[in-house]
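Trainee: So you can see what is in the structure, the chains are spelled out below.
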Amino acid sequence: GEEVAQTPKHLVRGEGQKAKLYCAPIKGHSYVFWYQQVLKNEFKFLISFQNENVFDETGMPKERFSAKCLPNSPCSLEIQATKLEDSAVYFCASSQSQGGGEQYFGPGTRLTVT
Amino acid sequence: KNQVEQSPQSLIILEGKNCTLQCNYTVSPFSNLRWYKQDTGRGPVSLTIMTFSENTKSNGRYTATLDADTKQSSLHITASQLSDSASYICVVFLSGNTPLVFGKGTRLSVIA
Numbered sequence: 001g002e003e004v005a006q007t008p009k010h011l012v013r014g015e016g017q018k019a020k021l022y023c024a025p026i027k028g029h030s031y032v033f034w035y036q037q038v039l040k041n042e043f044k045f046l047i048s049f050q051n052e053n054v055f056d057e058t059g060m061p062k063e064r065f066s067a068k069c070l071p072n073s074p075c076s077l078e079i080q081a082t083k084l085e086d087s088a089v090y091f092c093a094s095s096q097s098q099g100g101g102e103q104y105f106g107p108g109t110r111l112t113v114t
Numbered sequence: 001k002n003q004v005e006q007s008p009q010s011l012i013i014l015e016g017k018n019c020t021l022q023c024n025y026t027v028s029p030f031s032n033l034r035w036y037k038q039d040t041g042r043g044p045v046s047l048t049i050m051t052f053s054e055n056t057k058s059n060g061r062y063t064a065t066l067d068a069d070t071k072q073s074s075l076h077i078t079a080s081q082l083s084d085s086a087s088y089i090c091v092v093f094l095s096g097n098t099p100l101v102f103g104k105g106t107r108l109s110v111i112a
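Sequence order for the protein chains is A and B. For what it's worth, our numbering labels the leading residue of the first sequence as 1, then goes sequentially. For what it's worth, our numbering labels the leading residue of the second sequence as 1, then goes sequentially.
Extracted from the complex, chain B is given alone in its bound form:
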């Protein structure tokens, strides 16, 4: 069964600190993996996209990693800001026309 598991479920960190969110997937056939940020009351917005051959990709303070062998991905946020408070969702795109597989997300709260 295609599944995406994220951890932790929720996380509280102080402003300025770094954090890492985890995503494990059992999905086939894999096309690419994306991390989305979903602010409260808004739709998800794509942060990064990782294809099978990519190990690391950065987007400002966000750095995503992908290990296709162990089927794990992480999202590292550096020097967190209050505006980083949101849900971060790991989404796996499959090859062909199969619908996306979503994780349940990690709820991040950055506090002053």
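Looking at chain A on its own, in the form it has when it is part of the complex:
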């Protein structure tokens, strides 16, 4: 597709439950990035992929967060045992190249942990 698609738009989970977010990058883009935006503050980089391989995961919390980009499937970001502080909007972006390449953002998934 010509736009980055993210599902669901909104997700509500009770504390301790699992949350799974999906991202379909623009067709032909090899790189996928996940960002977390808490309370309209600055974007925090989480992880990037080059095709199905993790490219940079320096922003990923060591516990509870995991992500995958499998061939012929949307990329996913999974949070095990959600906490209140995980409440945020999670954005996915895709790019034809890493580094200085233009990144195209999806509309985001708003996760609310209650």
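Note that these hints are calculated values from the structure, not bench results. Keep in mind the model is a prediction, meaning the values are calculated, not measured. A virtual CB, placed ideally from N, CA and C, is assigned to each residue, including glycine.
Computed cross-link-like contacts, BS3-like style, restricted to lysine-lysine with a CA-CA straight-line distance of at most 27 Å:
1) K27/A with K44/A
2) K1/B with K40/A
3) K1/B with K62/A
4) K44/A with K1/B
5) K20/A with K62/A
6) K68/A with K20/A
7) K40/A with K9/A
8) K44/A with K9/A
9) K83/A with K44/A
10) K104/B with K9/A
11) K104/B with K40/A
12) K104/B with K57/B
13) K1/B with K104/B
14) K83/A with K104/B
15) K37/B with K17/B
16) K17/B with K40/A
17) K71/B with K37/B
18) K44/A with K37/B
19) K17/B with K57/B
20) K44/A with K71/B
21) K104/B with K44/A
22) K27/A with K37/B
23) K40/A with K37/B
24) K57/B with K37/B
25) K37/B with K9/A
26) K40/A with K71/B
27) K62/A with K104/B
Among chain A residues calculated to face chain B with C-beta under 8 Å, some are:
28) E42
29) F45
30) G59
31) F91
32) E102
33) P107
Guided by the hints, dock chain B onto chain A, whose structure is given.
Mentor: Below, chain B without anything else, positioned relative to chain A:
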């Protein structure tokens, strides 16, 4: 530490007026700087991209400037419209494969 600071945090202007948003960065190694517009409930959309050697770049009513010596950038919006109401985010791309550095954004409200 790589940082991007934006000012003001928020701004309210009358329709038709001009405004200027500021971005200061302490980032190395610098590759390029972009201004993004983020409408409420949407993902950011790129407005302009400035490389090290560029001083000014325009995109319709948006004009961005970059001073690489003082590490400052500005985004000037001319003849504002109600649809300009959004957050404007300054993002610095670093050389190599280092993740982007985002500012917190300026929340602009254009009122009739």
